[in-house]
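Top line first, the protein sequences correspond to chains X and Z. For the first sequence, position 157 matches number 157 in the numbering used here, and the numbering has no gaps at all. For the second sequence, position 228 matches number 228 in the numbering used here, and the numbering has no gaps at all.
Hints are not guaranteed to be accurate.
Stretch-level coverage of chain Z by chain X, calculated; a stretch enters the list once three of its residues show a Cβ under 8 Å from a Cβ in chain X [said to hold, decoys possible]:
no.	region
1	34-47
2	95-103
3	107-117
4	273-285
Per label pair, the in silico range of CB-to-CB distance [what the hints assert, rightly or not]:
no.	chain 1	residue 1	chain 2	residue 2	range
5	X	R50	Z	K153	52 to 58 Å
6	Z	N203	X	G29	35 to 41 Å
7	Z	L397	X	G29	47 to 53 Å
8	X	R50	Z	K359	45 to 51 Å
9	Z	E77	X	E105	26 to 32 Å
10	Z	K176	X	P91	53 to 59 Å
Distance condition first, Cα-Cα at most 25 Å in a straight line; then the derived SDA-like pairs of lysine to any residue [stated by the list, open to error]:
no.	chain 1	residue 1	chain 2	residue 2
11	X	K178	Z	G52
12	Z	K33	X	F167
13	X	K179	Z	V65
14	X	K181	Z	D48
15	X	K52	Z	S270
16	X	K52	X	D107
Honestly, the hints are just simulated from the structure, not real lab data. Backbone N, C-alpha and C fix where the C-beta goes; we use that ideal spot for every residue, glycine too.
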Amino acid sequence: MGPGTGVSCAVSLNTSLTPEQRARFQDVGQINRLLGTAKTIAVVGLSSDRQKASFFAANYLQDEGYRIVPVNPKADAILGEKVYPDVASIPFPVDIIDIFRPPQEMDEIVTQAIARKEKGLDAPAIWMQLRLINLAAAERALAAGLTVIVDKCVKMEHGRYHGGLHFAGMNTEIISAKKRKR
Amino acid sequence: MPCNPSPARQHFAGMHGRLRYTTPMTNRPAPRKFGFETRMVHAGHVPDATTGARAVPIYQTTSYVFDSADYAADLFELKQYGNIYTRISNPTTAVFEERLASLEGATGAVATASGMAAQFVTFMTLMSPGDELVASSHLYGGTVTQLKQTLQKLSIKVTLVDPHDFEAWEKAITKKTRALYGETIGNPRGSILDQERLAALANAHKIPLIIDNTFATPYLCRPMEHGATLVVYSATKFIGGHGNAIGGAILDSGNFDFSRFPTIAAPSPSYHNLRFFDTFGHYGFLIKARAETVRDVGACVSPMNAFLLIQGLETLSLRMDRHVANAQRVAEFLSQNENVAWVSYAGLPSHPDHKLALKYLPKGPGAVFSFGLKGEGAQVREDGKTFIEALELFSHLANVGDARSLVIHPASTTHQQLTDEELVQCGVGPEMIRLSVGLENVEDLIWDLEQAFHALSRSTRA
Numbered sequence: 001m002g003p004g005t006g007v008s009c010a011v012s013l014n015t016s017l018t019p020e021q022r023a024r025f026q027d028v029g030q031i032n033r034l035l036g037t038a039k040t041i042a043v044v045g046l047s048s049d050r051q052k053a054s055f056f057a058a059n060y061l062q063d064e065g066y067r068i069v070p071v072n073p074k075a076d077a078i079l080g081e082k083v084y085p086d087v088a089s090i091p092f093p094v095d096i097i098d099i100f101r102p103p104q105e106m107d108e109i110v111t112q113a114i115a116r117k118e119k120g121l122d123a124p125a126i127w128m129q130l131r132l133i134n135l136a137a138a139e140r141a142l143a144a145g146l147t148v149i150v151d152k153c154v155k156m157e158h159g160r161y162h163g164g165l166h167f168a169g170m171n172t173e174i175i176s177a178k179k180r181k182r
Numbered sequence: 001m002p003c004n005p006s007p008a009r010q011h012f013a014g015m016h017g018r019l020r021y022t023t024p025m026t027n028r029p030a031p032r033k034f035g036f037e038t039r040m041v042h043a044g045h046v047p048d049a050t051t052g053a054r055a056v057p058i059y060q061t062t063s064y065v066f067d068s069a070d071y072a073a074d075l076f077e078l079k080q081y082g083n084i085y086t087r088i089s090n091p092t093t094a095v096f097e098e099r100l101a102s103l104e105g106a107t108g109a110v111a112t113a114s115g116m117a118a119q120f121v122t123f124m125t126l127m128s129p130g131d132e133l134v135a136s137s138h139l140y141g142g143t144v145t146q147l148k149q150t151l152q153k154l155s156i157k158v159t160l161v162d163p164h165d166f167e168a169w170e171k172a173i174t175k176k177t178r179a180l181y182g183e184t185i186g187n188p189r190g191s192i193l194d195q196e197r198l199a200a201l202a203n204a205h206k207i208p209l210i211i212d213n214t215f216a217t218p219y220l221c222r223p224m225e226h227g228a229t230l231v232v233y234s235a236t237k238f239i240g241g242h243g244n245a246i247g248g249a250i251l252d253s254g255n256f257d258f259s260r261f262p263t264i265a266a267p268s269p270s271y272h273n274l275r276f277f278d279t280f281g282h283y284g285f286l287i288k289a290r291a292e293t294v295r296d297v298g299a300c301v302s303p304m305n306a307f308l309l310i311q312g313l314e315t316l317s318l319r320m321d322r323h324v325a326n327a328q329r330v331a332e333f334l335s336q337n338e339n340v341a342w343v344s345y346a347g348l349p350s351h352p353d354h355k356l357a358l359k360y361l362p363k364g365p366g367a368v369f370s371f372g373l374k375g376e377g378a379q380v381r382e383d384g385k386t387f388i389e390a391l392e393l394f395s396h397l398a399n400v401g402d403a404r405s406l407v408i409h410p411a412s413t414t415h416q417q418l419t420d421e422e423l424v425q426c427g428v429g430p431e432m433i434r435l436s437v438g439l440e441n442v443e444d445l446i447w448d449l450e451q452a453f454h455a456l457s458r459s460t461r462a
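Kindly produce the complete structure, drawing on both the sequences and the hints.
What follows is the structure, given as structure tokens:
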């Protein structure tokens, strides 16, 4: 269940970014399009602990039909998927690199993502999870031509545009008189 | 860069009755934060893909068929969003919740069976036995009973303090204090809480400030803009506005750091040691309140009542403007009447909290207030009864926030078992009459009060 045919409202709750940064890294239309077209999501820092936030997000995204690619140097298989030790070693194209690692580790992750684009393998969007922010790395990815989303949870955003977050009583900030898309 | 004031309108021009862009698509207006009145009628409800129903459908169902066995398991573990059972969530109720959250500027809401349930669920989500709460003493009587009787049974200690005495607030806070609590417009004398000072105090102690904003509604005051973390409502009152449905709500700003707050941060034994704040971040408190406390306490609102409360929200600003305009006129009339000893409405310059009202409630300090008849003791108790029985338009009942004007004389009804001395201790003298001013023609209301005063003077002479 998607939003109306045009999302024209501002989404500004629960972020520590400034309005200028939000315009660069949290564009409503861009997030909606990205989640609508992506098929494969690499989750960097995906835990095998079922009660961790990263597992909740990846489990949800898998239910919603995305192929999850776990990236974690300390596991073999999570959610029934083969685990890769880092972004560079994933041998097939991915659409989003969703990062659940501390900001200081993001420089290397972004470097590997840019290298994938330069090799012509893919051009993954960089997604820095809620409160895990490295703006310098974000700017570098943007300059390299990658889509970058910062300080947002991929599960919450999918839930925002596809109905689930609303059913939990949360303020999606989506206001539209258009009929929802099927 | 020069400031560009361009409102959205500048990008459109009327052409043969149709709108068209006059600037290229690359310059289309920025996403807009829609205004309060727009959100009153739209927020939380996008017409569904199947029927396109424009009004909010009433999902009068107890339960929901699962997509698959695996999906059901994920729902029960909170790993999926979705409905299981209407005690926990319901699609009609979700519209009420999101709409109210949008009007409040909150991150989300949980609807409850009543305002009393909203408070209780909030306390049960935040506190454990042995914890403490510091609250304003200017509260609705039912709240005082819940705090002092029911919470005490659960070994939660509550200290009530004069809301204007900030030394008393500070002194009452201990290491076990888990929250501060007060009403935007307090009972019984319409006192106004200094929310920013109280929020600063709560912040200094790293505990949330909870505000009962029932008498103000999000149209007259939004406590989160003054630093409150949680807001609770009896939606039965002005939010529903028509006296036809009981309901309540809990809202969270999403701005409080619960990472070291025991009940929200600690592993939950009822969800395989899930840590609500770790996993759900700014949604942690609300998801715990819904998935644990409301689930276990069972204090959910019915879908039909949620629908009626949504109908109320759709006209909230219009009704509140009329409520406060009528209340101001009635208060001014009473303050000049020879039968009246005092009027306690913060919209009058004579009220001790008038300046606080101008700051926190610039559109008007609500429509519920009290006044005192002249006289003392048994005689004024009798006068109160006579006055109320003479009223034609004010309904004599125990509620506030109806579209119709309401009146009650606490000394002969809700507080009749108390002695005169006990009444004064409660701040409810035998002379006190409480009004909830409705939406009627205000001249008619003033006529009604005048003729009741006339009946009073005749009975006093007799």
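Which numbered hints does this structure break?
5
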